[in-house]
Amino acid sequence: MRLLPERLGELASVEVGQTSSEVIYSENKLDHLHYEPLTDDRLGHCSSSTR
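First residue of the sequence shown? That's 0 in numbering that gives the first Met the number 0, and the numbers climb one at a time after it.
Keep in mind that the hints were calculated from the coordinates and are not lab data. None of the hints are false.
Computed spacing ranges between beta-carbons, pair by pair:
(1) 13 with 34: 14 to 22 Å
(2) 24 with 2: 40 to 48 Å
(3) 5 with 26: 41 to 49 Å
Beta carbons: idealized from backbone N, C-alpha and C, even for Gly.
Please model the complete structure; the sequences and the hints are all you need to start from.
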């Protein structure tokens, strides 16, 4: 319970925003979104030598 005030302070400092996206398919109330990458690294942590 002593960590609770510390953790609440961390939660209050979290930045919240939106990720750019476009609808690539829509049907009734369903929208399938494609999210724009936040970095230029399209492979994440994998390198081309591991493929």
